[in-house]
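Q: Go by the hints and put chain B onto chain A.
Just so you know, the protein sequences line up as chains A and B, in that order.
Throughout the first sequence, residue numbering follows the working numbering, covering 1 to 296 in sequence.
Throughout the second sequence, residue numbering follows the working numbering, covering 1 to 189 in sequence.
These are computed hints drawn from the structure, not numbers from a lab.
In this text, a Cβ means the ideal position worked out from N, Cα and C, and glycines have one as well.
Hints may be right or wrong, so weigh each one.
Mimicking EDC-like on lysine to aspartate or glutamate, the simulated pairs with C-alpha atoms at most 20 Å apart in a straight line are [claimed, not checked]:
| # | chain 1 | residue 1 | chain 2 | residue 2 |
| --- | --- | --- | --- | --- |
| 1 | A | Lys74 | B | Asp53 |
| 2 | A | Lys74 | B | Glu159 |
| 3 | A | Lys74 | B | Glu103 |
| 4 | A | Lys74 | B | Glu147 |
| 5 | A | Lys215 | A | Glu227 |
Not close to chain B: a few residues of chain A, all C-beta gaps over 12 Å, as computed [claimed, not checked]:
| # | residue |
| --- | --- |
| 6 | Pro140 |
| 7 | Asp257 |
| 8 | Arg267 |
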Amino acid sequence: MDFLRPASWEEALAAKAEHPTAVPIAGGTDVMVEINFDHRRPEYLMDLNRIGDLCEWEVGEDSVRLGASVPYTKIMEHLRAELPGLALASHTVASPQIRNRGGVGGNLGTASPAGDAHPALLAAGAEVEVESVRGARRIPIDAFYTGVKRNALAPDELIRAVHVKKADGPQQFSKVGTRNAMVIAVCAFGLALHPRTRTVRTGIGSAAPTPVRAKTAEEFLNAALEEGGFWDNGKIITPSVAKQFADLCSAACNPIDDVRGTASYRRHAVGVMARRTLTWTWESYRGARRTTEGAA
Amino acid sequence: MRVNFTVNGRPQEADDVWEGESLLYVLRERLGLPGSKNACEQGECGSCTVRLDGVPVCSCLVAAGQVEGREVVTVEGLADYARQRSCASDACGTSLQNAQQWEATGDSQTGEGTELSPVQQAFIDAGAVQCGFCTPGLLVAADEMLERNPTPTDADIREALSGNLCRCTGYEKIMDAVRLAAARQGEAV
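Next up, chain A with everything else stripped away, as it sits in the complex:
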C-alpha cells in the first residue's frame, strides 16, 4: 500500500488521475473500518486532510457551498439556520468522536443507502461538485446515487463540495434506531417545505437500494396543498391528506429484510415518519405565517 499525501486540491486531482484506484480518506470513519477488518486493501490510500479548503463552507445567496470534509460537528454548530434538515441529520450521526471527523463528502463517496446525510440533501435540494483533471461538473443529488454503495463519480473524480439549497421553510429529519447514539439507521426520512415554490420535497434513507425521494407522494401533496389553498390559508393539513401522503411514502420504499429490521417494518416506519415530519414542519410553517402576517 502507498500513502499519498497531496498538499493541494490540484495535487490530489493529479494523483487521482495517475492512480484511479486510489481510495480517498478524509475522516476515515468508513475507510478505516474496512482496512482494520481487512475487507479492503487499496493499492493507494490518499489523505485529503491536508487540503484545508475541503473543511470550509461559504453561505451564498441561495445555497451553501459545503466543503466535502466539513465535519458534522461544524454543520450542527454553524449551519443550523441555513441547513436545518442537514443539521438535524448530522446530530444523529454516530457519536461526538465520529462527528468530529466524518463529513458529507464521505457519506456521498460511500453512498450507503443508510448514510444519514442523504435524506436531508434530497429534501433540501443539492448538487455535488466533483472534479478531475478533465474538469469540474455538478451532479444533481437526484442523479448521484446509482446503486447500493455506488455513485455517479468517474474513477478519476473526487468530491470537492456539495451545494445545498438554503432553507426557505421548515425542514425535519427523523431516524429509526435502537438508541439515540451510535445507530445505523433502520430507516430515515427527511422532509423540507419550500414555500417559495410551494413544493414539498422528501428523502428516504435505508429503505431502498439507494437513498430516494418519494416523488409520487410529493406530487400528490403539492397538488393537495395547492387545491386546498393551504399555503395561503395556513390551515391544518387534513388527516386524510396526511395519511395518503404517508401511504405513498411507504409505497416509494423498496426495502429488504436484514439484521436491523424487516422490509415491512421499514415500510411502516417510513409512513409514520412521513406523517410526523409533515405535521411538525407544517405546524412550524403555520406558526411562522401567523407571526409574520400577524393574522389573529
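A: Chain B in isolation, oriented as in the chain A frame:
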C-alpha cells in the same frame, strides 16, 4: 513509512509504520502507550479516544499518515494536560518514557500519591471504574467536555459520552464522577 507528530506535548517519531495502520496501533505498538484501548476497531466503543489537535476522535479510525505534523493527547498525558490548562504554565509535555511508565505509583485505590487530572481523581472517588477498559476513553472524552462546558447538564454529559461504551457499570457511577469533577471545577474557580 515514518510519521512525525506531537504526542502529549513532545515531538515523536514512529518508524516502519505500515500505510494502512491506525493511529491507535502506532500509539500502542510503536510508541509503547497502551493507555488508549483497542476494542472494536470500528469507532463504535470509544475506548481508543484521544485528542487530535484538541478534538476527541477514535484513534482506531485515524490513519497513521494523517497525523503527520499534528498534535495528539492520550490518557497518559491527561494529568499534565489538565495541569497546564489550569495554571496556563509553559507547555512542557510528558516525555515518552514518563508516559510509558505512567502508573498509579501511590495508592491505586484512592489515587493518593499519584499525579492525576481532576477528572481521573473524580472517577476514583465516585467508584466509576470497574474493569477499567472503557475508562481511558471516557476520561479523555469527559475531560474535553468539561473544558468546553464547565457546567454541564446531565443531558450534556450523556451526549458527550454517548460514543463511549461501558459494559460493567451501567453508567450511573460514571455520571456521578463527571458531575463531581464539574462541581469541583466550579469550586476551584
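Q: None of the hints should be skipped; say for each whether it holds.
A: The hints, checked one at a time:
1. A:Lys74 with B:Asp53: Holds. Lys74 (chain A) to Asp53 (chain B) sits at ~15 Å (cutoff 20 Å).
2. A:Lys74 with B:Glu159: Distance ~16 Å between Lys74 (chain A) and Glu159 (chain B) Cα, so the pair holds.
3. A:Lys74 with B:Glu103: violated, 36 Å
4. A:Lys74 with B:Glu147: holds, 18 Å
5. A:Lys215 with A:Glu227: It holds: about 18 Å lies between the C-alpha atoms, which stays within 20 Å.
6. Pro140: holds, 31 Å
7. Asp257: The claim holds: Asp257 (chain A) sits with its nearest Cβ about 23 Å from chain B, beyond 12 Å.
8. Arg267: holds, 28 Å
Violated hint for the displayed structure: number 3, the only one.
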